[in-house]
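Peer 1: Those protein sequence lines, which keep their order, are chains A and B. Quick note on the numbering used here: the first sequence kicks off at 1 and runs consecutively. Quick note on the numbering used here: the second sequence kicks off at 1001 and runs consecutively.
FYI, nobody ran anything at the bench for these hints, they're computed from the structure. Among these hints, one or two may not hold up.
To be verified - Derived EDC-like pairs: lysine to aspartate or glutamate, alpha-carbon spacing no greater than 16 Å straight-line: (1) 1160(B) / 1103(B); (2) 174(A) / 237(A); (3) 326(A) / 1205(B); (4) 1283(B) / 1268(B); (5) 37(A) / 1229(B); (6) 1160(B) / 1102(B); (7) 37(A) / 53(A); (8) 45(A) / 1229(B); (9) 1364(B) / 1124(B).
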Amino acid sequence: MEQNFIRKLIFDEKTRALLIQTLVIGIFAVLIYLVTKQTAYNLEKRGIGTGFEFLNIAAGYDISISLIPYDSNDTHLRAYFVGLLNTLMIAVCGCFLATIMGFLVGIIRLSSNWLFRNIAYVYVEFTRNVPVLLQIILYYTILLHLPKVKQSIIIFDSFYLSNRGLFSPAPIFKDGFSVVIGSLIVMIIFTFFLKKFLKKKQELTGKQYPIFLINSALIIFIPIIFYYLMGMPLEFDHPVMKGFNFKGGMVIRPEFLGMLFGLSIYTAAFISETVRSGIISVSKCQREAAQAIGLKANFIMRLIIIPQALRVIIPPLTSQYLNLTKNSSLGIAIGYADLVHGFGGISLNQTGKAIEIMLIVMSTYLTISLTISFFMNLYNKAVQFKGNI
Amino acid sequence: MTPNTSPYLSPNKMLNWSKKNLFSSWVNTIMTVIALIFLYEVGTFFLNWAIFKADFINNFRGETITDRTFCSKNIEVGQHGACWAIIFVRFHQFMYGFYPVEEAWRVNLVYAFLPFALIGVLFDKLPLRRVFLYFTFAFPFIAYFMLYGGPGLSVVATNKWGGLLVTLFLGVTGIALAFPLSILLALGRRSNMPIVKSICVVFIEFIRGVPLITLLFTANVMLPLFLPEGVKPDNLLRALVAVTLFQSAYMAEAIRGGLQAIPKGQIEAAQSLGLNYWQTTRKIILPQALKIAIPPIVNTCIGLFKDTSLVLIIGLFDLLGIGRAALSDITWTKLYYEVYVFVSLIFFIFCFGMSRYSLYLEKKLKTDNS
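Here chain B stands alone, though its shape is the one from the complex (with noise of 0.2 Å):
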């Protein structure tokens, strides 16, 4: 007897398929059938909700929607569809925030060149890999010049920027300040130097042990203590600057372990050959550690920018803050579902898209060293 090698799916090996995964004993059988029944129930009732009995925007074609009376099958929520009006009519401050509605296109440009300053990071095998990095280098500046303004750009104060604008900006800029910091902090924790050893240990795990919204309480409440009377930097910075420290403590320590899984042969390796610590570090540690280190830091990743959403406890509008703040809105109110929905969504899509990514780095690291 030959097994059925056929890359196509024939009828005769679906049948197959299905003895083995889904009715291979009595057990088996009646766990399939409990699982189509939750599956039909929860189906039909999410799609019934989401799709076929949801209010969408042409349904209201020609009219200009003010309120929730437009939803007209939605007056009882939870009994009849979803209302996505709430969502197109607030489309523009859940991905911009109160931004002015003529300069979004300024926040638009910076979407839209945000994958190319990412893709030279992500993928190490890409033609012209130089170039783009080159741009993830100056991307920063020129990002901050378009969305805040300057010369030649009206200026647009950071408390009207929300939505997705500041769940990006947090995350993205947040990453990008932790990276260098976690790295110093990583190496001093296994530095031979007792006190900056010290100041390292005392700093990593001081983060670590604290929820990230007692950092934020502080940065809002302490910084401005700290600080001259000049000096106030405004809420978005504060937020950034507990973000930051917040994720560089994690990121450290996934650091930490690519660089205790290097053996101690190639440092010494190294030093045979007369490099000095900066030299070993730069040049024979960090590219082996940080390639190890990979997945455990895009973990950190995820973590921190689902921990973004935190900032609309201390009255920032990310996008679930915006999301909350067009349920507060009376004339919208009860259609908490749709808005949950939708940020869920967008959430998801992301920290999907990065956990995805992770999980190809495992598998093409494992190639790599086999």
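Isolated chain A (complex conformation) (with noise of 0.2 Å):
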């Protein structure tokens, strides 16, 4: 009886498998309870209280750049809620650009002068083996040793570069503003629905429109009549030289500059490349095909290449999403104010809270990878093959 038991635990594989999870979750539960009681007694002995109070005491620190009102007397909930903003601020801007960057150095590298295809390869090998750390640190240093103020780059009369960041002018949007941007968002769905109508006409009918001119002339000008109807209600504030510094206009920070070159040149590498193996997994044959039906050489890139291509390019391309926004942690290095430089790093220093800390942080990171993978799956699903599967 005994014997066969035993017999039953090593050769029976269910009764197997039940024996190696209970011994699994037996270590991970005495594991943790060693853990919680040794953090606790740890935590007494310095005198360390735990809990979520300290979100509502005074932060006591200014932080740079604020999308909102922020001061030294606002609470670290608030500081936290900075940081976030400044971490996606960042996020969707780097994913903007480097989005941009990455297609063209990709469709470079497919260009048939050798010397262009040449040059974006030697860009792409660069900047892809080298730290981003040391990227973002190093575009820092450039843009701090720009001209003073006083010797600023001027770009188009408006835009002043200097040392301290770039100063451009600030729009100041009046009453009436706000019927403008309303037609824009009308026109933007009116527009998507007329594609759909004066497509679903194109089917039955075999007439061709142009949509996309149609399209664009609508968003273009219908909020341009509004923005004059309506008394020209958009004034911008450009920025004066006074004393040692510019007054009025808005300034883009270099931390925020430096941030941005790094993230998006150090990304658009890795893009390019997904955009290229997309470009070139399309079959020669698609392209002969649709050569042969008598399309024109931009319906066959729009029509024929892009849409195969984008289904190998969105799954890597999310992942590059992700880890550009993961990277954008690492302004702590040159002191650009986002979630870990701000919240993780000087909130912690004051509180000492380190667990509560971390684990709000790092939430927050896997809330924001989750939301995107989310949303780029949901595209991916609209691109990928429809029907045969």
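From these two lone chains plus the hints, build me the complex, please.
Peer 2: Here is the structure:
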């Protein structure tokens, strides 16, 4: 009987699985118990309490870049939101710029011009084989050693680039501008349905409509007409040199620019590779078949090549966006006030609530990552093959 | 008309080539001209800065270099040539950190034998591969003894390590420790046991969802809280724990890709021969899956090697950290570009080498299968 039981434990698959899992749970439970006990003891000894009350205490430090009003009397909770918004801001801007640059470089890498192709290749190899942190620090250093404010580099008469960042005119919205924005949104929704309607009509009658032209005309001109009707409710506040600094306008700080350049130049190299392999993956016969039925070059690109290339490009592109977002946490190295720098760094040092703060920071990043992959998966489903799977 | 098949470069062939690749149309010609101007501008600027107008060590022969004033041409950064003196003067730090000068031979010995430890793993058709693999397994212990010290050798605490030593230590050890862990995670993720599977999934997705810097912070701040009082892991070890966990999650996903590529028939065939789970996994599944997964694994290794530079944020002195420390020295300020270019060059050499190796493997695997 006893021998039979042991035999069963070792040789019967189901019993063995049960045994292994019980063991795993047991080990985990013991580990967690030991760690919690030890941590509680250590915390008590150091006089650090647990709990999230610290979020309502005044933070007591300033944050250089903030999208919402913030000063040092505000709470740690508000500091958290300031940092979160800064993280999201750099992630969105970085993804946007990296996508544009990545597609451009990816297409250049397939150019028929040998020199262009190889310059792009050298760019890709050099940027993706050097740590992104090093690149961020390098670009930030270059930005900090631009000419002083008095000798700013002037771009288009209204932008001033200096070692204190990029000074640019700030838009001032007067009442009535919301009407212009409203008309823009209405137009975007309207063109969406118009596109569907015209497509259906084209399928029924075979007549082609210049959908893209009509829609872009609607989106551009209708808001412009409203803009003039409302009496031009938009003005610019130009930065003016006063004493040792600029007055007025708005400034994009070198920390932000350094992060933006570092993240997007680095990620663009990876994106360009996925774009290149995506376009290569579309078989040559597809292009030839399209030519054979008499499609024009830009139609071949738009209707045949790009939709099929996107299927290959989207999944790796998603992981590049995720990487860029996670790499935005490197802002701490150059003092960009993101989530890790302010809340995860200064707040942690002030309150000593390491466990709570790291928990909040990590779950925030997890949420951001999961959200990005959720939306990219939706988009991925939309561009994948339909019907045959 | 027969195509010119001569393997030698003839003027005719070069003309044909450039006609096809550089001047095939008007647009192409304009692009070529733009590219040439761009190359000339960037090339002359960089070469002037790095070589022709730069100060090398022989410009200071006979003098002891103490500070930046020896770089005569380099008073205004960015307008004149580079001053490479900072690299020469601080070369020891870049390579070994604050390792005692008289003990540096120990690090050199480890550097010298590292290729022999790797070669057996990297190339499968090597003669005497078995011997090299034995050496590979012995190497970590030898290296630890040489670097840290022990009986017969003076102890060099890890807070004295720095520069390339720390970068290589974290990179190589992190990868070596993460490899077995990642195989277990990948197998666990595909396991039929719901509890084992969910633990692996949660671990992998959690690590992949957060930035490495938060893991480093956690290891740095929280590891001492978790452990009993007497146990105080030093900073390098804490960073190593974070790096290893991080790498194992990414590597596990690469290996899972390889596992998924193995047809189910292979498992069924093995089972019908009477092999049990571990025999099937060890003798049938893993050899095939790992072979497919090697290129993506190497890619995660490149990523990790670059990411070791993050440890400077928690106060360790890796290559980049040593570079930053050199710049904060008041006598050597303003030589940013020299330091950053040098450090990027070292990273580039290692990472580019790894990516070439991954390409070589991909090519080899392609021919093996066809």
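Peer 1: So, against the hints stated earlier in the document, which numbers end up violated here?
Peer 2: 7
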